[in-house]
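All chains, please: the whole structure from these sequences, using the hints.
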Amino acid sequence: MDLNIAGIRLDVTEDGYLTDLSQWNKEIAVEMAKENGIELTDKHWEVLYWIQDQVKNDVALSIRGIKKSGVIDIKQFYELFPGGPLKISTKIAGVPKPKSCI
Amino acid sequence: MSTKVKKMLFILSKATIENAYAAFVMANGARMEGIESEIFFTFFGLEAIQKKKLEHLHVATVGNPGMHIPTMLGGLPGMEALATTMMKKEMEKLDMPPIGEFLEILSDSGCKLWACKLAVDMFHLKKEDLIDQLDGILTIGDFYNRADQEGCQLLFI
Chain V
28 MDLNIAGIRL DVTEDGYLTD LSQWNKEIAV EMAKENGIEL TDKHWEVLYW IQDQVKNDVA
88 LSIRGIKKSG VIDIKQFYEL FPGGPLKIST KIAGVPKPKS CI
Chain A
15 MSTKVKKMLF ILSKATIENA YAAFVMANGA RMEGIESEIF FTFFGLEAIQ KKKLEHLHVA
75 TVGNPGMHIP TMLGGLPGME ALATTMMKKE MEKLDMPPIG EFLEILSDSG CKLWACKLAV
135 DMFHLKKEDL IDQLDGILTI GDFYNRADQE GCQLLFI
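Protein sequence lines, in the order shown, are assigned to chains V and A.
Here the numbering used here runs 27 ahead of the position in the first sequence, where the first position is 1.
Here the numbering used here runs 14 ahead of the position in the second sequence, where the first position is 1.
Since the hints were derived computationally from the structure, they do not count as laboratory data.
Errors might be hidden in some of the hints.
What the hints assert, rightly or not - Short, incomplete list of chain V residues facing chain A, as computed with Cβ under 10 Å:
no. : residue
1   : VAL82
2   : LYS83
3   : GLY97
4   : TYR105
5   : LEU113
6   : LYS114
7   : PRO123
8   : ILE129
Claimed, not checked - Listed next, the in silico DSS-like pairs over lysine-lysine satisfying Cα-Cα at most 30 Å (straight line):
no. : chain 1 : residue 1 : chain 2 : residue 2
9   : V       : LYS83     : A       : LYS65
10  : V       : LYS114    : A       : LYS102
11  : V       : LYS114    : A       : LYS67
12  : V       : LYS70     : A       : LYS20
13  : V       : LYS94     : V       : LYS124
14  : V       : LYS95     : A       : LYS131
15  : V       : LYS61     : V       : LYS102
16  : V       : LYS124    : A       : LYS18
17  : A       : LYS18     : A       : LYS67
18  : V       : LYS94     : A       : LYS102
19  : A       : LYS102    : V       : LYS124
20  : A       : LYS21     : V       : LYS94
21  : V       : LYS124    : A       : LYS65
22  : A       : LYS103    : V       : LYS61
23  : V       : LYS102    : A       : LYS102
24  : V       : LYS70     : A       : LYS103
25  : V       : LYS114    : A       : LYS18
26  : A       : LYS131    : V       : LYS126
27  : A       : LYS65     : A       : LYS103
28  : A       : LYS131    : V       : LYS114
29  : V       : LYS95     : A       : LYS65
30  : A       : LYS102    : V       : LYS70
31  : A       : LYS141    : V       : LYS53
32  : A       : LYS20     : V       : LYS61
33  : V       : LYS126    : A       : LYS18
34  : A       : LYS21     : V       : LYS61
35  : V       : LYS102    : A       : LYS131
36  : A       : LYS65     : V       : LYS102
37  : A       : LYS140    : V       : LYS124
38  : V       : LYS83     : A       : LYS103
39  : A       : LYS28     : V       : LYS70
40  : A       : LYS141    : V       : LYS95
Built from N, CA and C at the ideal position, the CB exists for glycine as well.
Written out as structure tokens, the structure reads:
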């Protein structure tokens with residue numbers, strides 16, 4: 028599928044996740060966040076970059092990983108990305124949707 | 015974001031580790047999908063929220079055909095402990111948190127944790143015996159009131 032954000036044509040999966048992280052930039056993240064009703068703050072960016080690092084290092088993302096991240100705790104994570112935090116934050120970060128059940 | 019299921023209420027009535035994990039994984043999964051979730055611990059399910067007992071839940075080796083252990087052998091001393099240790103190892107490989115940590119995760123994720131008043135009284139438990147993350151002790155009437163909304167599902171485990 029194609030998606031037009033910030034004037035750029037992006038390759039995305041059926042549920043709207045970027046298929047190529049190299050297409051990602053901050054403008055895209057801001058737009059995607061807006062679609063989910065989120066205004067990105069410094070803390071959001073910190074989390075998004077942490078998520079990208081995890082994915083680049085082949086670490087599977089999970090809520091347990093968030094607890095151990097040292098970047099953010101679970102309560103804050105739910106506050107920053109309401110309505111399904113891992114699903115939404117990974118979409119904004121331009122990485123694949125996590126496959127873990129936990 | 016709209017979803018047909020708005021809230022999941024789980025009733026955990028058993029103390030076996032596989033039942034506790036079933037409730038926890040599904041309750042956590044609901045929160046991760048933006049669905050409200052709560053767990054009501056009743057009867058033997060209370061073992062999962064007792065400070066002294068929660069890390070000692072066992073898998074059932076007797077009367078559990080899924081274990082593929084003959085019933086007579088499953089009843090031998092140490093069998094449950096052995097099977098539980100093996101299962102915990104497999105869970106750790108999948109990055110499944112132990113019961114205590116899982117309860118912390120659930121609580122931090124906004125999943126409400128309730129103890130059943132009748133069962134608490136029956137087992138002569140005090141509030142101090144139960145985990146700090148507990149949101150309260152409810153009667154079944156209180157619990158049904160929490161279910162009284164559109165898009166709410168109840169699940170007995």
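So, going through the hints one by one against the coordinates:
1. VAL82: With a minimum Cβ separation of about 16 Å from chain A (threshold 10 Å), the hint on VAL82 of chain V is violated.
2. LYS83: Violated - the Cβ of LYS83 of chain V stays beyond 10 Å from chain A, reaching only about 19 Å at its closest.
3. GLY97: 15 Å, violated
4. TYR105: It holds, given that the least Cβ distance between TYR105 of chain V and chain A is near 6 Å, below 10 Å.
5. LEU113: With Cβ-Cβ at 6 Å, under 10 Å, it holds.
6. LYS114: 7 Å, holds
7. PRO123: With a closest approach of 16 Å, the PRO123 of chain V hint is violated.
8. ILE129: 6 Å, holds
9. V:LYS83 - A:LYS65: Roughly 39 Å between the alpha carbons, so the hint for LYS83 of chain V and LYS65 of chain A is violated.
10. V:LYS114 - A:LYS102: 27 Å, holds
11. V:LYS114 - A:LYS67: Violated - the C-alpha atoms of LYS67 of chain A and LYS114 of chain V are around 34 Å apart, more than 30 Å.
12. V:LYS70 - A:LYS20: Since the Cα atoms of LYS70 of chain V and LYS20 of chain A sit roughly 28 Å apart, the hinted pair holds (cutoff 30 Å).
13. V:LYS94 - V:LYS124: Holds, at about 19 Å.
14. V:LYS95 - A:LYS131: 34 Å, violated
15. V:LYS61 - V:LYS102: Roughly 21 Å separates the two Cα atoms, so the pair holds.
16. V:LYS124 - A:LYS18: 21 Å, holds
17. A:LYS18 - A:LYS67: It is violated: about 37 Å lies between the C-alpha atoms, which goes past 30 Å.
18. V:LYS94 - A:LYS102: 20 Å, holds
19. A:LYS102 - V:LYS124: Holds, at roughly 27 Å.
20. A:LYS21 - V:LYS94: 24 Å, holds
21. V:LYS124 - A:LYS65: 35 Å, violated
22. A:LYS103 - V:LYS61: Violated. LYS103 of chain A to LYS61 of chain V sits at ~42 Å, over the 30 Å cutoff.
23. V:LYS102 - A:LYS102: 27 Å, holds
24. V:LYS70 - A:LYS103: 35 Å, violated
25. V:LYS114 - A:LYS18: 18 Å, holds
26. A:LYS131 - V:LYS126: The hint is violated at about 38 Å.
27. A:LYS65 - A:LYS103: 22 Å, holds
28. A:LYS131 - V:LYS114: 36 Å, violated
29. V:LYS95 - A:LYS65: 22 Å, holds
30. A:LYS102 - V:LYS70: Violated: LYS102 of chain A and LYS70 of chain V sit about 35 Å apart, past 30 Å.
31. A:LYS141 - V:LYS53: Violated, at roughly 49 Å.
32. A:LYS20 - V:LYS61: Satisfied, since the Cα-Cα distance of roughly 23 Å is no more than 30 Å.
33. V:LYS126 - A:LYS18: Answer holds: LYS126 of chain V to LYS18 of chain A is near 22 Å, not above 30 Å.
34. A:LYS21 - V:LYS61: 25 Å, holds
35. V:LYS102 - A:LYS131: 28 Å, holds
36. A:LYS65 - V:LYS102: 22 Å, holds
37. A:LYS140 - V:LYS124: This hinted pair is violated, its Cα atoms lying about 43 Å apart.
38. V:LYS83 - A:LYS103: Satisfied, since the Cα-Cα distance of roughly 27 Å is no more than 30 Å.
39. A:LYS28 - V:LYS70: The given pair, whose Cα atoms are some 41 Å apart, is violated under the 30 Å limit.
40. A:LYS141 - V:LYS95: Status holds; Cα separation ~29 Å.
The structure does not agree with the numbered hints 1, 2, 3, 7, 9, 11, 14, 17, 21, 22, 24, 26, 28, 30, 31, 37, 39 stated previously, though it agrees with the rest.
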